[in-house]
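Enquirer: Put chain B on the given structure of chain A with help from the hints.
Spelled out, the chains give:
2 protein chains.
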Amino acid sequence: MLTLLCENRSFGGLHRRYRHTSAVLGCEMSLAVYLPPQALSGAAVPALWWLSGLTCTEETFMQKAGAQRLAASLGLALVAPDTSPRGPQVPTDPDGAWDFGHGAGFYLDASEAPWATHYRMHTYVVRELPDLLEAELPLNGRHGISGHSMGGHGALVCALRNPGRYLSVSAFAPITRPSTCPWGEKAFSRYLGSDPSPWAAWDATLLIPGALERLPLLVDQGSADPFLEDQLRPGELAAAAEAAGHPLQLRYQESYDHSYYFIASFIDDHLRHHAAALLV
Amino acid sequence: MLTLLCENRSFGGLHRRYRHTSAVLGCEMSLAVYLPPQALSGAAVPALWWLSGLTCTEETFMQKAGAQRLAASLGLALVAPDTSPRGPQVPTDPDGAWDFGHGAGFYLDASEAPWATHYRMHTYVVRELPDLLEAELPLNGRHGISGHSMGGHGALVCALRNPGRYLSVSAFAPITRPSTCPWGEKAFSRYLGSDPSPWAAWDATLLIPGALERLPLLVDQGSADPFLEDQLRPGELAAAAEAAGHPLQLRYQESYDHSYYFIASFIDDHLRHHAAALLV
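If you read the sequences in order, they're chains A and B. Going by our numbering, the final residue of the first sequence carries number 281, and the count climbs one at a time with no gaps. Going by our numbering, the final residue of the second sequence carries number 281, and the count climbs one at a time with no gaps.
Bound conformation, chain A alone (with noise of 0.2 Å):
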């Protein structure tokens, strides 16, 4: 059951911070979500889910992104989740680093003690948080997802581990082999343990090969982030895309960066791709 933290009338429609007890996280969430005007005149609308990255929150998206006004003009739903479970109950990282847990919950059911209790992001996004929101607010059962760096791999991820669940997917800046990036190497070998051969199943790029279904990916990397040759590496994802004949959409955005200034500038081109395809 969701519980109204706050309501902001937002380009005609709401937007909303809620709270609820997670069964799958174990530990109580918040969770942000915008509801353009045409679902609060009666129409149910499709949803696109938006994972943000290292330490952000559900409300990182919804501040920065100036997203609201195209989903506002579209009929879109966007849906926020926080980025890890939350709680002193939850384990985090020992020496209070940003890059792994609180904060950075990368979008997997961890299968190690002691994070597999409540580091259950991808079941808690693909399967718990969506039945709720259907079951409360007024959603037509069509997803759309995207993200940004951690989340722009739990985007992809969730797509392509999920055939048909998704209609559409996109990322800003994904890291897109986190089996061999610094921040991946890290949090697989502790969520799913220092042998790596589960980690492929939550990589993208070698999640690519064996898909079920060829959902078009649009794909945007600033040029001009830092984190590019390290952590990103979306030329091996498109490597993966060629071979398997994956249609894969990669632009590489000249001079920009990392920040949410890089996403505001190219929202409305995912928003409008996600919605060629949610919007029937």
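Hint data in this document are derived by calculation from the structure and do not stem from the laboratory. Each residue gets a CB set at the ideal place from its N, CA and C atoms; glycine is no exception. It is possible that some hints are incorrect.
Taking beta-carbon pairs under 7 Å as the criterion, some of the chain B residues facing chain A (in silico) [unchecked claim]:
| # | residue |
| --- | --- |
| 1 | Gln-64 |
| 2 | Ser-74 |
| 3 | Ser-256 |
Expert: For chain B alone, kept in the frame of chain A given last:
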């Protein structure tokens, strides 16, 4: 001299944060500037100044208002100063209140000790900072001014006190009658002294009758703003404008509150209002 702190490509232009030493304020100040694409290809462009509200910094508007998309298209620079002098040498509220001192400079020139030494935001915003930016950035000397809440008060007062300085002015949910509202009384009685006679020179509603220039005012106010009755009171501004024959478009926006979601929803209207005066 401006020192560049960071730079982000945004909508084909550049968002930048600078730091500089303010002689007027006697401290180091940060500010944010958005330069539209036109300014990067050799053109000098007009500037829309944005004065933020209580507790905000130079970052708030740039991150949350969604203004850069249309500013890029129109060819307007955006300038966002901080909301007060800052630093260990700058006195602030002894109880750490959020509505006085740091983050709450009220865009006036204080007359009372210990505030008068540093709290000279009016002269900083109207003279020192424009002179500096015009010397170092591709600006063409045409200025508009807007702001939110305390900054909406600041925008109206800056325009009303300095005929000819600004070609356009607007405000979101401004404090229109600071002399008689709790936020204003607290700030004015300290910055300007307990004798209220000099307060009128910093009160938009009281400046209207004697204004030497009838610059049209555009004011948006959310009808669900929790501060509407106690602090903002645009009805008093409207009465003064009507009595003086000062052009004012006061729009009550149904169900909107005091947040940046409200600002984002109507910022495009304000950008167009300013562009009509600033672009020739």
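Enquirer: State for each hint whether it applies.
Expert: Taking the hints in turn, this is what the structure says about them:
Hint on B:Gln-64 holds. Least Cβ distance to chain A is approximately 5 Å, under the 7 Å limit. Interface restraint check: B:Ser-74 against chain A, minimum CB-CB distance 12 Å, threshold 7 Å, status violated. Against a cut-off of 7 Å between C-beta atoms, the interface hint on B:Ser-256 holds, since the closest Cβ of chain A lies about 4 Å away.
Hint 2 from the earlier list is the only one contradicted by this structure; the remaining hints agree with it.
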